[in-house]
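Whole structure, please, built from the sequences with the hints as guidance.
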Amino acid sequence: MKNEKKKAPVSEPTKSELEILQVLWQHGPGTVRFVNDRLNEDKREVQYASTLKLMQIMAEKGLLRRDDSQVRHVYSAAVEASRTKSLLLDRFVDSLFDGSVSSLVQHLLDHKKASQQELDEIRALLNESKKHKS
52 MKNEKKKAPV SEPTKSELEI LQVLWQHGPG TVRFVNDRLN EDKREVQYAS TLKLMQIMAE
112 KGLLRRDDSQ VRHVYSAAVE ASRTKSLLLD RFVDSLFDGS VSSLVQHLLD HKKASQQELD
172 EIRALLNESK KHKS
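Each residue of the sequence shown is one higher than the last, beginning at 52 in my numbering.
A hint or two may mislead.
What the hints assert, rightly or not - In silico DSSO-like links for lysine-lysine, alpha-carbon gap of 30 Å or less: (1) 66 <-> 164; (2) 181 <-> 136; (3) 163 <-> 181; (4) 136 <-> 182; (5) 182 <-> 164; (6) 182 <-> 163; (7) 164 <-> 112; (8) 163 <-> 184; (9) 112 <-> 66; (10) 181 <-> 164; (11) 163 <-> 136; (12) 104 <-> 66; (13) 136 <-> 184; (14) 136 <-> 112.
Because the hints were derived from the structure by calculation, they are not lab data.
Written out as structure tokens, the structure is:
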């Protein structure tokens, strides 16, 4: 597997980069055409050339790996989904809620209607978390 210049991964992907990463996390490695088609199905209309350029930039940043051993280059995520989501969530909670998880949860419950099933699941998660901390 050949890579262009290797640089340290960017700590926080942009919104567009995150959309591409989500496609690759969900479906596994793919060509630019495959990713572009998924973006057009799921999100908004995106031009192939824009997807190509962004994926090339992401490879240079270290967010993607590119296998250019074949005619059609195959890209894969170079960063883990769970690690990236944790990083973004930590920054989100720190910057918008002063690091307070309870403030985040309260805001969610005040502004987003939760079903009874979701509330029961949240209670179960809280009880499980409480057991692990005891």
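Outcome of the hint check:
1. 66 <-> 164: With a Cα-Cα distance of about 25 Å, the restraint between residue 66 and residue 164 holds, given a limit of 30 Å.
2. 181 <-> 136: holds (23 Å)
3. 163 <-> 181: holds (24 Å)
4. 136 <-> 182: Holds, because 25 Å separates the two Cα atoms, which is no more than 30 Å.
5. 182 <-> 164: Holds, because 27 Å separates the two Cα atoms, which is no more than 30 Å.
6. 182 <-> 163: Roughly 27 Å separates the two Cα atoms, so the pair holds.
7. 164 <-> 112: Violated, at about 38 Å.
8. 163 <-> 184: holds (28 Å)
9. 112 <-> 66: holds (15 Å)
10. 181 <-> 164: Roughly 25 Å between the alpha carbons, so the hint for residue 181 and residue 164 holds.
11. 163 <-> 136: Holds: residue 163 and residue 136 sit about 20 Å apart, inside 30 Å.
12. 104 <-> 66: Holds, at roughly 15 Å.
13. 136 <-> 184: Answer holds: residue 136 to residue 184 is near 23 Å, not above 30 Å.
14. 136 <-> 112: Given that 30 Å is the threshold and the Cα spacing comes to 18 Å, the pair holds.
In terms of the numbered hints stated before, the structure departs from hint 7 and from no other.
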